[in-house]
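Please dock the two separately framed chains into a single complex, following the hints provided.
Residue-level listing of the chains:
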Amino acid sequence: MHSRRMRRVAVALTALLVLTACARDGDEEDEAGGEEASGPIDIWYSNNEAEIAWGQAVVEAWNAEHPDEEVSAQEIPAGDSSEEVIQASIAAGNTPCLIYNTSPAAVPQFERQGGLVALDEFSDGASYVQERTGEGVEQYQSADGQYFQLPWKANPVMVFYNRALFEEAGIDSEEPPLATYEEFLQTSRTLVESGAAEAAIWPSPASQFFQPWFDFYPLFAAQTGGAQLVEEGEPRFASEEGLAVAGFWRTMYDEGLSPKEEAAGDAFADGQSAMAIVGPWAIAVYGEVDWGVVPVPTADGTPVEETYSFSDAKSIGLYSSCENRATAWEFLKFSTSEENDGLLLAETGQMPMRADLPGTYADYFEENPDYQLFADQAARTVEVPNVENSINMWQTFRNAYSEAVIFGEAEVEPTFEQAAEEITGLIAE
Amino acid sequence: MSATPRAEAPARAPVTRRLLGRQPIGALFAAPYVLFWLALFAWPMGLAVVISFRDYFFAAPGAQVERPFVGLDNYAQALSDPVVHRAALNVAIFILINVPLTVVLALVLAAALNTALPLRTMFRSAYYVPYVTASVAMVGVWLWLFSSGGLVNSLAGGLAPDPSWLVNSFWAMPIIALFATWKQLGFYVLLYLAALQNIPETLYEAAKVDGAGVVRRFRAVTVPGVRSATTLVVILATIVGANFFTEPYLLTGGGGPNQASISPVLLMYQEGIQQGEAGYAAAIGVVLAVFVMGVSLVYRRFVEEGEPA
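Respectively, the protein sequence lines represent chains A and B.
Here this note's numbering is used: the first residue of the first sequence is -15, the next is one more, and so on.
Here this note's numbering is used: the first residue of the second sequence is 2, the next is one more, and so on.
Chain B on its own, in the form it takes in the complex (with noise of 0.2 Å):
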């Protein structure tokens, strides 16, 4: 009888490999990034968790005020504030409206632009122009053409809302979500024809002798093809949904009419900035910080169910 050999324990690296990994090097490449990431995200963000539990405003360098400790009150209040309620339901339209019509537009405007078009380079400048053109330009194109007298309710007449789009209560949300969807797209487009690069085009091929027509290639081959893209789109939409600022700051007056088209951004620097609130302001961050980490890590979870490894 031979004893069985006892597995031997590895030996533990030393510190400095544990810590810098095997190639040295790359933690000096990354350092940078690393800087950026800790002086313009992580301080930031942990001077926020700081500030969310204090009845916190901003002070002249020296002044000797009170910014009393106040523990869980600016999230109690946030939570029970209807106005956080309406920001949050608002962000909901929007990502409902925003992140499918985003997906499903960006990809068959990227599958449609990767085809042999005439006049492709142009329509592919065309859907990139909104993204690369300041807000503010474009938010006095739409406020022209959704105005009372605008160009959509002098073609849609009788069937225009009383009141008019961006100051309805109901219709200023999914406007807004609208002039996302469209400013965003080209982006988006960019990215769904960067993947669509890596799909063999033996993959088509096959697809076409096995007899499939143009949807069933682009069911079975596109979509699944981009599903690492998708993801990424999701995401991103998603993200850029939960934190909209310019389009109800400018498109709807501040979150009007009558903060319906309010978004948690636009009420933390109206808090924070404006009314001098920051202890209050930073709770509302934080929830949306973990919201929007929450989110993300649930979708990333569901599209890439089923990838191959």
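With the rest of the complex left out, here is chain A (with noise of 0.2 Å):
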């Protein structure tokens, strides 16, 4: 009975294993639409209130104008991240034609799985993105010199804080001192020895793969005046300034002066931290806050003109399921004219990433000066490596910073230099 059940199990198995190795690689090609094909088309952007506004302020002023190639746009739908409901949409193959809220990150996971459609195959791509975006183009290309995305705005990340509570630890609001790291250190203590904040600084210590963009990677690119994550395939973070940064955090989450839990809410907005290192979006939502801006320290202090930040840039992704893709490329140059970016910048306070922003929108900025600092910083920010497996390469680096740095379990050096011999293997994959 036994050795008949045994046989039983035996076979299947076998027959599964032969089905699994013979099991096809994906589908036959199938080309959803060509360059040429026009007519309607659905695209997402963001779910902020401003961003909205804006898109619906732009497809409105497209669909008036052209009847036969409507665009019909919604919110990305909601989700853990939006890489994650693009990633499964993209498996589904229910993309819309364009997507507004593409991280550059994701792109070489986008573009493995076949989602993202080069826009080099249209005949003026490759010079429309090179001309619009300026320098630093290159860091949007793939491996293999084409463009999957269109770098379309960014928010470069700037350190927030709060005056009045800058004022009742008694340190000077208007030139607080928050250079070098040995000032920041020093003013934090104060801010949270004073008891006018509960934290001086609280970064989210979740380990999802994207937190270091606003902890570590915009020190990093100060303190290497513009250096990526990896760079011709070779990790930079175990280097000395990566460990000077590492250095910095470890020592404000040591001395308690940022916190190891979760926030409840947005610690910032709700004075329980007395600074935070986010974009100018965040003019916008932190208008009950009397606030101040400052470039990310380094260890020595740098001149403002010379600060590098992370570009926290978001793309737009043309993907491959669109059937009406000539209608899609035209909307996308549309909708990323002088005259759009224009109002993308009136209505979200974000950097469209175009060549000299500051000239460009002379006047804007000189209504609004609180913007024209994150202007100039847009100038020398830096953007996530292009590389293979990109996502997984974070989440790599965001484990090792967590073990090493938030919760001080292990040496912060042999911890990156590990993760940094981890990640030279998944970028050469």
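Hints were generated in silico from the structure; no laboratory data involved.
What you are looking at is a predicted structure, and each value in this text was computed from that prediction instead of being measured.
Even glycine gets a Cβ: it sits at the ideal position worked out from N, Cα and C.
Hints are not guaranteed to be accurate.
Claimed, not checked - So, partial list: chain B residues that the calculated Cβ filter (under 7 Å) puts toward chain A:
(1) 62
(2) 64
(3) 258
(4) 259
(5) 276
(6) 299
Right, dumping it as structure tokens:
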């Protein structure tokens, strides 16, 4: 009886293995649409109020003049992150033609999934991307030199501080001492010890792959004068500069100046934290707070006009399930024209990624001096590296950072070196 | 001498009867569930096994992508990955705390709620409320209770751990196990309450006549009387324990601190969905499914041992 059952199990397992070994990879090639096809298209944009207003205005203007190529727009569906939503949508084959919330870090993965169209396939594709973006456009090229994204807007991150809390702690709120690590640490100690704030600064200690963009990476960009996490296939974060940044943050956590717990809400808006690392989108959000802004610190202090930071950019992707690609391409150019980029700036305060931003919208920056600093910073930003297994790479880095820096359970240098070794393997795959 | 009549071999039943049984209509009634099981369990499980032998990732329909056969590589990686080891250890911690606590608390509470207590209906509902309340809402309350400045630390004063419970490598898992025990308890109490209705009152009366007190009656009548429910509770609690996801995902910010509360299912989600390593995630899933089935079978043997046929 037993042997018969065993035989059946063995036969079933063998059949499964044969099926596994023989199963075909992928499916038949199926071009969803040609570069020449035009007609109605769908797009997704971000779900914040200001961007929705911008999106609706642009779509309305387009539809008024293109009744046969109508654009239907909606917010990106809710999910743990936009990247997961888009990834699932690619696998399901129901992505819209354009997504205005594509993270450059996820682009290599979407490309690997066969979810993106190379913009170079359009006759004016590469030239449009290069001319609009200007200097630094090479950061957005794939490994084989193609553009699978149009760099759209940046939110160069800087340090926001709450003037009222600084004054309560007896710290100069006009020119706060925050330029060097030592100054930043001393200011943080004063803020917490005086009881003015529960935390000096409260970056999220969560483990998601993108969290380093708002703690380690901006300071790393500043400390290195504009280096990426990985350059020419080599991880750079286990360098002297990377270790200096990690050492700074570890002190912040060890001394309780930055909590190891997730904040229940927005710690800066709620007055629990005296500082935050955020981009210009926050100006509209933190309207209630009397804030000031300074560049991220470096070990010895760097002049404002020389300090780099992380771009926190978003790109526009044209997805392979799109049938009417000619319309999608034309709408992409329309929505990123000088006029519509100006509208984006006015509606959202986010920086369109185009050459000579301060010069192009000089009137706007004159009327809105709060944004001028961010516009200047936008010229000195660092993007995430455009490498294979990008998300996996960031997750590996985050795990090492969590262990050695946030929770202090290991020495920083060997942990970073081991992570660098793993990442070298990942990006070489 | 008479020849012993040779026993005649039983005639083979017709094929239709062998396939559909003596009551073919029964197969018709069972068909919807069989189809449901095939579509939502057997097919995905088979697919997961297929995926686990490949360097697989999810791609756009029609995209020409390489997803090569890698044999047992994903399994070898899963069995040697320290994060998988940590996740397995966390399942063990979870089960060690959750299963005994669930069985003891659920049985004691069910026995108490089965007696003529004042406000019995209210208590029965109260224990069931956490089970039917969304985890996200419950997690919000627990985050508030166990955060650095939360109620528990305020009461504990100098005894509060540093770092606080949910960001403490030692305490994160026990807190998760306690949360799951508390949240699921109402369901198991209900199972035991149903089982208690099957114990004849005469057994309690006989035990009472023999001089058995409350504790003795509980041990000698109630516990053996609900043995089959205990089997079910132990198996269900183990399966829930091996598959916990929501708690570390929400309560400890994705398996933190530093993956001290990572679970196999959360790891599958991170690897398969967030990082696009579906083949590796599937291998972890297959190992987990085999483990759960094995443990359930062992439990069944042990708990049902000695039970009257």
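**Report entry** List of violated hint numbers, smallest to largest
**Finding:** 6
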